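Engineer: Dock chain B against chain A, hints included.
There are 2 protein chains.
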Amino acid sequence: MKLIVKPIEFETGGKPILIMNKQDAEFLGLHSSDRVLIKSKKKKIISIIDISDKLVSPGEAGANIDLCTRLNIALGHSIDVVAAGTPESVRFIKEKIQGRRLNYKKIKAIIEDVVERHLTDVELSAFITSLSIYGMSMDETESLSKAMIQTGKKIKLPGKKLVDKHGIGGCSGDTTSMVLVPTVAAAGLTIAKTSSRAITSPAGTADKMEILAPVEFKIDEIKKIIKKANACLVWGGTLDLAPADDTFVKIEYPLSIDPLMLPSIMSKKKAMGSKYLVIDMPTGRGAKIKTVGAATSLAYDFIELGKRLGIHTACGITYGEQPIGYRIGPALEAQEALLTLKGNGPKDLLEKVASLAGILFEMVAKNHIDGKKHALYLIKSGKAYKKMKQIIEAQGGDPNIKPSDIEVGKKHVYVRSNKSGFVLWTKNAEIAAIAREAGAPKDKGAGLIINKKNGDKVKKGDILLIIYSNNSAKLDSALKLVKEYEPIVVGKSYEERLLLSKVPAKIPHKRIFLLER
Amino acid sequence: MKLIVKPIEFETGGKPILIMNKQDAEFLGLHSSDRVLIKSKKKKIISIIDISDKLVSPGEAGANIDLCTRLNIALGHSIDVVAAGTPESVRFIKEKIQGRRLNYKKIKAIIEDVVERHLTDVELSAFITSLSIYGMSMDETESLSKAMIQTGKKIKLPGKKLVDKHGIGGCSGDTTSMVLVPTVAAAGLTIAKTSSRAITSPAGTADKMEILAPVEFKIDEIKKIIKKANACLVWGGTLDLAPADDTFVKIEYPLSIDPLMLPSIMSKKKAMGSKYLVIDMPTGRGAKIKTVGAATSLAYDFIELGKRLGIHTACGITYGEQPIGYRIGPALEAQEALLTLKGNGPKDLLEKVASLAGILFEMVAKNHIDGKKHALYLIKSGKAYKKMKQIIEAQGGDPNIKPSDIEVGKKHVYVRSNKSGFVLWTKNAEIAAIAREAGAPKDKGAGLIINKKNGDKVKKGDILLIIYSNNSAKLDSALKLVKEYEPIVVGKSYEERLLLSKVPAKIPHKRIFLLER
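Taken in order, these protein sequences are the chains called A and B. With the first letter of the first sequence counted as 1, position 75 gets the number 74 in numbering that gives the first Met the number 0; the numbers rise by one all the way through. With the first letter of the second sequence counted as 1, position 61 gets the number 60 in numbering that gives the first Met the number 0; the numbers rise by one all the way through.
These are calculated hints, taken from the structure and not from any lab test. Hints may be right or wrong, so weigh each one.
As the list makes no split between identical chains, a pair holds if one copy fits it or if it spans any two.
Claimed, not checked - No more than 30 angstroms apart at the CA atoms, straight line, and that leaves these computed lysine-lysine pairs for DSS-like: (1) K53 x K1; (2) K441 x K1; (3) K21 x K217; (4) K385 x K159; (5) K441 x K93; (6) K501 x K93; (7) K53 x K5; (8) K43 x K479; (9) K459 x K473; (10) K226 x K38; (11) K1 x K479; (12) K53 x K217; (13) K473 x K1; (14) K1 x K410; (15) K482 x K458; (16) K53 x K42; (17) K491 x K365; (18) K42 x K217; (19) K21 x K441; (20) K382 x K458; (21) K53 x K21; (22) K249 x K1; (23) K107 x K501; (24) K21 x K409.
Since the model is a prediction, treat every value here as computed from it, not as a measurement.
One chain only, chain A, in its complex shape (with noise of 0.2 angstroms):
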């Protein structure tokens, strides 16, 4: 059927979309959400239809920007649009739901029909969930992990024993990445860290760096960047390393399951070219994940995987029951990562960076040496500040920035004790929460600094949290927050506190913690 275009602005995450009048669908058989293959003067792509009365009139087709783009096709011109039947993946697809393990070929169909944008959300849907309920063998993982790279873009990076980083999230406060960058290319080793935004946390590794420099570059300003600091802390949003990723995030979000952590991490980690990896895995109750036993099995099939693709891969099994550092929020962690650096920064934080980087540096290294002790003297010695002097000046900020230049929140209110004794526990999720509610990751500004950490005395009347926002009604409304969710528990002893959490008959919908990769 010959259609006339007419381009409509709609927002639809990148999906090109069909608008059809509802004779033309009908006179195809064509319902909402159906496929149809559409031909433009030199290109012709499938797309998912939505149909309308009055949209469009009988003739015309209502196309979207991403469909305009794609098919080279601007207002009045021609296309032709037929029926196109059901995607072969998606036979693959109900073939997971039934539980079978599917092996590359059929992975591979599916991975490309994900990021040509040929499935609708209920098909997605469905993948993801069976996914997430039947888990993944190893092979199946291996696949999901190539056909993601095939279908994304590679980089090649300049510089030899190419490292890299990751940390599976779960913790606030965690500013390891920006540390742990300089420091190991103080060693002399090449790491290209590309971070994410928060998605559901107060601040990502993205967010903070790019309170001393910008963290947006395209693929040849980055190896620009690699070839004056052998490092880099940058944005991976754009480089499209692994774009189905992006689209399974959005299914994956809103169900809070995670069923492709494994492929999503190393597909992008093979992307940019990384030979040596370390994972760093927080582990503690209000973390991601809860036990040594649980990390450690993850740990064994990120290893394994790493085999398969290429990457030698290590992990860390970190101490998760509380935020690293004392600083949330992409301004306040961006100060305390310059003040480690500095050799002003808390002691878990600089014990973190040390024996991750320590991991990398035995890996790396051909005869025994001790890495950690290694990682401690790049960074007291100041070598690693003055490699983030280069990172930053390299990425187009200003390397003389100290921490004290660095606005935080105009506003601020205190949380005091109402008791005296010691930190019983604190709750990483919940803090998440509040820094979230006083206007981090947007408002640059907020979030909060922790006074008292677990174990440390507390009087009284002692300052437990310092939150900080430049809009009082968010402070205000993080105020409430914190004495609902008591973020930092006090008390005389354990013994007082048997009592860990109260179910009240009705459950209140908390919706405190999410997957962030």
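Structural biologist: Structure of chain B alone, referenced to chain A:
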């Protein structure tokens, strides 16, 4: 946020959609597919949003017809929009993904949000997929049925001893309902049969009955028809008996899964006030249920669920290895129903109707009777035909319509056997696909007549099928399918055809058999 209504015509299958400008959405921190609470002067509802740059300007609220109707708003009205949290039912869907059993309260929350259209396709698909993978306990099945009844309309029909019949489908050309309903009513029982139109079959009962009389009625009109004829054969599509099911079907259909079959069928029967129910389960290699064993398990579930809902339920497991009768397609099957009622129908259809009606008679009777014999008497004596004329008249059709008055496709083509022997087997689903290719159910005259059935002797050159259509291109394309599918397999002996099917290295994507309620 106050917005001014701008109606936008968009087909969303009954789902209210609000389109917001990107700026406004960002201000409220909303993404595509997020939920908002919308308040008009007197009403408020939760709606899912879409985001557009140009369809609506900042300050405008694009509202589709469903949203306008439900909020009673029009162009220029002012509405108030705030971000709405994730509904509680999403938490219960997540519990189902984790394999937990859901109680009535949780299931009801989900069903209510389904009916109110508060859930996204991603959430709905995750729910349906999880149900399909884990299966449901009988308690969950009961809860789902009751929640679906509670969120739908209930009908109080005149007449005592309300009986009903349901076929779970999968057998082409099955015209049982159109003969059974007048037979049962001729015995003095009341039977208000609601049927569906075809979704994936060549003809639903509603499509066939529409050849003889109108089938779309409001509840009050159905009551009048029942008063006149103590029976009806109407379309159930607009009665809103279990509105949640309409939404579920849209998810299940593309995934070819049907986890809600029991609650979906039984909730509608309960809503119609049925007291006695017989379920027809066509069983055979080409049908939906493959073995008598599987059918028996399912039958016990139907009977147990019937008990819990207060419906006396019995099941008939019927021969489903080939189509019932000879004619397939709306007009052709209407002919066959009339022929059978007039004493000239195919033996298998007569046998099937009498057996199933007999089960109902024996359930309802206080003393021992031979139900099947009674049913055969009612048909052979012409009493059932007389009742059918009453039903046709009560629904506004011409009671004197003759089979020969019914127009079938103007064009037809013979399919002849290229060898001698006998019919070894017949492919149900493939027969349905061919009839649909010929144009059924949209082209009411399209379809086919089967000339030879399982076990019949065939000489080379004998007619196996006659295909009808009003469109020669469709006739050609149906003929092509015949060649590809070999729907009627002729041979000298079973030994000759030990190879049942070839599975080539590259599997062609056949999409011929799908759920139909």
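Engineer: The structure should be examined with respect to each hint, and the outcome stated for every one.
Structural biologist: Okay, the hints, checked on the actual structure:
no.	hint	result
1	K53 x K1	both (19 angstroms within a copy, 25 angstroms between copies)
2	K441 x K1	between (46 angstroms within a copy, 23 angstroms between copies)
3	K21 x K217	between (42 angstroms within a copy, 26 angstroms between copies)
4	K385 x K159	within (21 angstroms within a copy, 91 angstroms between copies)
5	K441 x K93	between (40 angstroms within a copy, 28 angstroms between copies)
6	K501 x K93	between (42 angstroms within a copy, 21 angstroms between copies)
7	K53 x K5	both (13 angstroms within a copy, 13 angstroms between copies)
8	K43 x K479	between (54 angstroms within a copy, 27 angstroms between copies)
9	K459 x K473	within (26 angstroms within a copy, 85 angstroms between copies)
10	K226 x K38	neither (44 angstroms within a copy, 57 angstroms between copies)
11	K1 x K479	between (59 angstroms within a copy, 26 angstroms between copies)
12	K53 x K217	between (41 angstroms within a copy, 29 angstroms between copies)
13	K473 x K1	between (53 angstroms within a copy, 21 angstroms between copies)
14	K1 x K410	between (60 angstroms within a copy, 28 angstroms between copies)
15	K482 x K458	within (18 angstroms within a copy, 87 angstroms between copies)
16	K53 x K42	both (28 angstroms within a copy, 26 angstroms between copies)
17	K491 x K365	neither (51 angstroms within a copy, 76 angstroms between copies)
18	K42 x K217	within (26 angstroms within a copy, 49 angstroms between copies)
19	K21 x K441	between (41 angstroms within a copy, 16 angstroms between copies)
20	K382 x K458	neither (39 angstroms within a copy, 94 angstroms between copies)
21	K53 x K21	both (9 angstroms within a copy, 22 angstroms between copies)
22	K249 x K1	between (34 angstroms within a copy, 28 angstroms between copies)
23	K107 x K501	between (47 angstroms within a copy, 25 angstroms between copies)
24	K21 x K409	between (54 angstroms within a copy, 28 angstroms between copies)
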